[in-house]
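Student: Spelled out from the first residue to the last, the chains are:
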Amino acid sequence: MADKVLMKGNEAIAEAAIIAGCRHYFGYPITPQTEIAAYMAKKMPKIGGTFLQAESEIAAINMVYGVASAGRRVMTSSSSPGISLKSEGLSYLAGADLPALVVNVQRGGPGLGGIQPSQSDYFQATRGGGHGDYRMIVLAPSSVQEMAELTVKGFELADKYRMTSMILADGTMGQMMEPVSLDLEVAPAPEKPWATTGTKMKRKHNIINSLFLTPDELERYNFERYDRYKKIEESEALYEEYLTDDAEICIAAFGIASRVSRNAIDEARKIGIKVGMIRPVTLWPFPSAPFKKALKTVKTFISVELSMGQMIEDVRLSTDCKVPVILCNRVGGVIPSPDEVFECIKNAAENGGVE
Amino acid sequence: MSTRQFLFSGFGGQGILFAGKFMAYKGLTEGKNVSWLPSYGPEMRGGTASCSVIIGDSPVGSPIVSKPDILIAMNLPSLDRYEEAVVPGGMIFLDSSLIERKVKRDDVTVYEIPATRLAGENGFPTLANMIIIGKILKELDESQPDAVEAALGKVISAKHADMKDVNRRAISLGASL
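Protein chains in written order, with this note's numbering: chain A, 1 to 355; chain B, 1 to 177.
Some clues are possibly wrong.
To be verified - With a straight-line cut-off of 20 Å between C-alpha atoms, the simulated EDC-like cross-links for lysine to aspartate or glutamate are:
| no. | chain 1 | residue 1 | chain 2 | residue 2 |
| --- | --- | --- | --- | --- |
| 1 | A | Lys270 | B | Asp57 |
| 2 | A | Lys299 | A | Glu241 |
| 3 | B | Lys67 | A | Glu267 |
| 4 | B | Lys67 | A | Asp266 |
| 5 | B | Lys32 | B | Asp107 |
| 6 | B | Lys154 | A | Asp183 |
| 7 | B | Lys67 | A | Asp339 |
What the hints contain is simulated information worked out from the structure, not anything from laboratory work.
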């Protein structure tokens with residue numbers, strides 16, 4: 001414990017990004033993620049990096065496009081309404097196959113919504129807020145330690161697959177402090193022969209572009225991209241299981257919802273209910289395998305979410321709707337209490353999943 | 001001690017978040033699992049600040065304290081809002097120089113500390129929070145000087161090291177009550 005420091009989740013993301021070799025940050029302030037920008041503003045000038053508060057979220061994401069084109073690790077961060085503004089840029093990053101890290105510390109929506117925690121950007125993150133066929137690797141931390149570790153992982157995966165990684169956190173994850181070890185292992189960034197780093201008169205110039213007016217060519221790029229996505233789905237899904245061995249009821253929850261659920265599970269176990277949890281760490285690729293495996297013992301799934309029911313669709317898809325999947329949710333910035341989740345578990349145990 | 005849930009609440013400017021941070025750091029230096037979660041909503045801008053602190057031997061689940069074992073109420077709205085939430089057998093520490101009414105519950109232990117008055121009289125008017133911290137540590141039998149010192153060393157940055165002494169004095173004053 002001696003080497004651990006107390007940090008806010010937002011600060012842990014910023015420090016981990018610097019440790020991962022990110023020297024370029026572009027952002028625009030919005031609660032509840034502003035500490036990321038504040039941290040970068042303080043640190044980047046001291047280490048020869050760039051901190052730039054852009055005139056808007058749209059400007060910031062296009063600056064990210066520029067640095068990513070030049071082959072350097074780069075990030076931006078925002079919260080829900082700001083991510084909507086960035087969505088055009090996310091689509092362009094995907095279309096140009098550029099690696100970048102984008103952080104969304106979610107708040108309640110839609111619209112300007114509120115500033116309290118939410119998980120209602122799940123669809124936007126996993127299905128793409130921007131246009132066109134594309135995916136982002138979506139990482140969902142559930143502790144300050146994971147805010148740091150998944151930031152590093154996000155950069156690594158982005159470089160490996162030439163695509164955007166998104167950290168999908170929420171207001172509590174961003175604002176809470178927990179002990180964190182910053183002794184993080186970082187794999188060196190791979191060579192980027194495609195980047196616009198100067199030809200030195202030794203090669204043909206590289207072009208970074210997302211415009212392809214020939215349908216055959218555009219189709220080929222889409223097919224190629226989805227071959228890559230398939231590899232990611234096969235090899236990069238991450239999850240954590242909690243007491244699933246004998247579970248008849250299984251909670252699916254990520255981020256703050258998984259923390260609340262853990263308390264509820266411990267209480268339910270005390271009265272003999274066989275309940276466990278699968279916590280997706282990657283939301284895309286969604287970890288379907290543990291859900292399929294859980295069907296051996298599980299009679300009911302409960303999706304605990306701070307949304308009107310978004311991840312629940314992936315739980316149903318992963319289990320081919322073979323058993324009931326119930327939604328246990330609060331929205332608008334309200335976080336379900338462990339008691340509410342406990343009641344949901346108890347109902348499922350008594351009624352066998354009938355809503 | 002397995003897990004202890006603290007809820008600190010008061011006006012913005014009373015050092016609510018700092019007091020919570022001190023307790024969290026104290027837990028950290030003692031090798032405990034800790035979490036600290038501030039209110040960051042509009043109420044913070046309107047004057048009320050609160051923070052949830054959990055200190056325990058096992059990993060912290062939800063970082064949100066909705067049923068505190070220990071409530072620290074530094075103004076009347078905080079006591080009004082959270083008194084009922086305290087677990088039976090829990091503790092309420094309140095600043096009796098700012099809260100005139102009595103606690104209604106009879107199943108909790110109440111400590112009335114005239115912290116704001118004492119802080120003013122002793123020349124550190126902004127440290128009513130740390131006087132209350134001192135009292136909490138005493139009642140929990142956790143006021144060992146080296147543990148306090150370790151936490152102060154973490155929570156006060158090197159830049160503000162000159163503030164350590166006055167914080168130390170406020171804590172000892174609280175612990176002497």
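Student: Each hint should be assessed against the structure and marked as holding or not.
Tutor: We went through each hint and held it up to the structure:
1. Of the supplied pair hints, the one linking A:Lys270 and B:Asp57 holds, its CA atoms being roughly 19 Å apart against a limit of 20 Å.
2. At roughly 17 Å between alpha-carbon atoms, A:Lys299 and A:Glu241 fall within 20 Å of each other, so this suggested pair holds.
3. For the given pair, B:Lys67 sits about 15 Å from A:Glu267 by alpha-carbon distance, which is consistent with the 20 Å threshold.
4. A C-alpha spacing of about 16 Å is found between B:Lys67 and A:Asp266, which places the hinted pair at or below 20 Å, so the restraint holds.
5. For the proposed pair B:Lys32 and B:Asp107, the alpha carbon gap of about 28 Å is over 20 Å, so the pair is violated.
6. Between B:Lys154 and A:Asp183 the CA atoms are separated by roughly 19 Å; this keeps the pair inside 20 Å, and the hint holds.
7. A threshold of 20 Å between alpha carbons decides the hint, and for B:Lys67 with A:Asp339 the separation of about 11 Å falls inside it, so the pair holds.
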